[in-house]
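The chain contents come next:
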Amino acid sequence: MARALINVPKTARRGEIVEIRAMIAHPMETGYRMGTNGANIPRDIIRRFACAYDGEEVFSADLFPAVSANPFIAFTLVATASGTITFAWTDDSGETQTASADITVS
Amino acid sequence: MRALWGLAGIAAVIGCSIVAAVGLENGEKRSGFDFMTPETQALQADDTSNPGMLWVLQGEQLWQQPEDSANIACAGCHGDAAQTMRGVAARYPAFDEATRRPIDLAGRINSCRGVKQQAEPMAPDSDELLALTTYVAHQSRGMPITPAADSRLEPFRDKGRRLFQSRIGQLDLSCAACHDDNWGRRLGGSVIPQAHPNGYPLYRLEWQGVGSLQRRLRNCMIGVRAEPFAFGAPEFVDLELYLMERARGLPMETPAVRP
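Residue numbers (the working numbering), protein chains in the order written: chain C, 57 to 162; chain E, 930 to 1188.
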């Protein structure tokens, strides 16, 4: 279960521009830091964030080591139809964490 | 040589002003929130952008999750945290009958875990303990700090006051030297706040995560080049007792965001 906070308006009018916010708990370890005894802390970041609206990808972003821990991403969508908005965060090890929310368009 | 005397003069003036000042006047208590930039304030004010809410979310899951050995969750005894835990963080630390000492919120969660859930205690400042503490303290958000009226706490609170006023470390500074006498002024680029513990555990941008009051106090001790107390040291609980009394009346902000 992803520790993620997503904010999608529950209802919207057709054609309305809605703001979507997504934040996930992640260390975003850069790989440039040293731990105890000078040992390198291996890189562990989210590489890609993607948002799909009813199965179709509508927004995506590539993330890099300069992005802070617990990345927060906000963007806008045009509400076209009622459906599910899904979010996916893929990290360095190839694992994907997901979350989803429903929107009702009238 | 003349320059040296000038420096000595400045040092003497600063020294006098530190000695002369006494604590905080009642009307001038201000949360660390007031000293932040509008951007950081906005980050804290909106729950959908406050990263501390990630720990609240995790804490809510842990609250419901039974522990293997006794197969009982926090919710099994305490029920709905929104009702049973409301106001708890605003009056802690409380007196613990078992150890005859004050105990802080994280300490209480860990001792409850050991006795009632028969589980291993969680490491100090571990993500799980922070999440549970944040979740419990979050239930008191907006409530004024009202320390427990328990006379058995008094000697420990006095100890905390003395710790707050004692000079420590190579820089020979006390907590009071900055946070009572020079709050609102700048130390390097940062504003010195009044050091109120009303938002802990809080999300510190510098930490990129949620941390406890003890972690913050250790930071300050290292900053004045003193040997910090270990996590869970009784001195920290004494100090927290005094800090809560000093912050009496300020609203709780957990999870706060601080630079």
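Take these hints with a grain of salt, some might be off.
Among the chain E residues that face chain C by a calculated CB cut under 10 Å, a handful are [unchecked claim]:
hint	residue
1	Glu968
2	Thr969
3	Leu983
4	Gln987
5	Trp992
6	Gln993
7	Ile1097
8	Leu1100
9	Ser1103
10	Val1120
11	Gln1123
12	Tyr1132
13	Gly1138
What follows is a list of derived Cβ distance ranges for each label pair [unchecked claim]:
hint	chain 1	residue 1	chain 2	residue 2	range
14	C	Ala125	E	Ala1004	47 to 53 Å
15	E	Gly1178	C	Phe120	29 to 35 Å
16	C	Arg104	E	Ser1040	24 to 30 Å
17	C	Tyr88	E	Ile1121	28 to 34 Å
18	C	Glu151	E	Glu1174	33 to 39 Å
19	C	Tyr88	E	Ala1004	39 to 45 Å
20	C	Ser116	E	His1007	28 to 34 Å
21	C	Pro65	E	Asp997	38 to 44 Å
22	E	Gln1047	C	Asn63	17 to 23 Å
23	E	Gly1178	C	Asp118	29 to 35 Å
24	C	Phe120	E	Ala974	26 to 32 Å
25	E	Arg959	C	Asn63	54 to 60 Å
26	E	Ala1002	C	Asp148	49 to 55 Å
Sample of chain E residues lacking proximity to chain C, with all beta carbon distances greater than 10 Å (derived) [said to hold, decoys possible]:
hint	residue
27	Leu986
28	Ala1002
29	Arg1029
30	Arg1030
31	Ser1040
32	Leu1082
Hints are computed from structural coordinates only; laboratory data are not their basis.
Glycine is no exception: its CB is placed at the ideal position from the N, C-alpha and C atoms.
Right, here's what the structure says about each hint:
1. Glu968: Nearest chain C Cβ about 13 Å off; hint violated.
2. Thr969: Given a least distance of 13 Å, the restraint on threonine 969(E) is violated.
3. Leu983: This interface hint holds because 4 Å falls under the 10 Å limit.
4. Gln987: OK, holds: glutamine 987(E) within 10 Å of chain C, min 6 Å.
5. Trp992: violated (14 Å)
6. Gln993: Given a least distance of 12 Å, the restraint on glutamine 993(E) is violated.
7. Ile1097: violated (26 Å)
8. Leu1100: It is violated, given that the least Cβ distance between leucine 1100(E) and chain C is near 26 Å, above 10 Å.
9. Ser1103: violated (31 Å)
10. Val1120: violated (22 Å)
11. Gln1123: Since chain C brings no Cβ nearer than about 27 Å to glutamine 1123(E), farther than 10 Å, the hint is violated.
12. Tyr1132: holds (8 Å)
13. Gly1138: holds (6 Å)
14. Ala125(C) x Ala1004(E): 47 to 53 Å: Violated, since alanine 125(C) and alanine 1004(E) (Cβ atoms, about 29 Å apart) do not stay within the stated range.
15. Gly1178(E) x Phe120(C): 29 to 35 Å: Violated: the Cβ-Cβ distance is about 45 Å, outside 29 to 35 Å.
16. Arg104(C) x Ser1040(E): 24 to 30 Å: With a Cβ separation near 43 Å, arginine 104(C) and serine 1040(E) fall outside 24 to 30 Å, so the hint is violated.
17. Tyr88(C) x Ile1121(E): 28 to 34 Å: Between tyrosine 88(C) and isoleucine 1121(E), where Cβ atoms are some 31 Å apart, the hint holds.
18. Glu151(C) x Glu1174(E): 33 to 39 Å: For glutamate 1174(E) against glutamate 151(C), whose Cβ atoms are near 47 Å apart, the range 33 to 39 Å is violated.
19. Tyr88(C) x Ala1004(E): 39 to 45 Å: Holds: the Cβ-Cβ distance is about 42 Å, inside 39 to 45 Å.
20. Ser116(C) x His1007(E): 28 to 34 Å: violated (42 Å)
21. Pro65(C) x Asp997(E): 38 to 44 Å: holds (40 Å)
22. Gln1047(E) x Asn63(C): 17 to 23 Å: violated (39 Å)
23. Gly1178(E) x Asp118(C): 29 to 35 Å: violated (48 Å)
24. Phe120(C) x Ala974(E): 26 to 32 Å: Given about 29 Å between the Cβ atoms, the range holds.
25. Arg959(E) x Asn63(C): 54 to 60 Å: violated (30 Å)
26. Ala1002(E) x Asp148(C): 49 to 55 Å: With Cβ atoms ~33 Å apart, the hint is violated.
27. Leu986: violated (6 Å)
28. Ala1002: holds (16 Å)
29. Arg1029: Holds, because the least Cβ-Cβ distance between arginine 1029(E) and chain C comes to about 37 Å, which exceeds 10 Å.
30. Arg1030: For arginine 1030(E), whose nearest Cβ neighbour in chain C is about 32 Å away, the distance exceeds 10 Å, so it holds.
31. Ser1040: Given a closest Cβ separation of 26 Å, the condition holds.
32. Leu1082: holds (36 Å)
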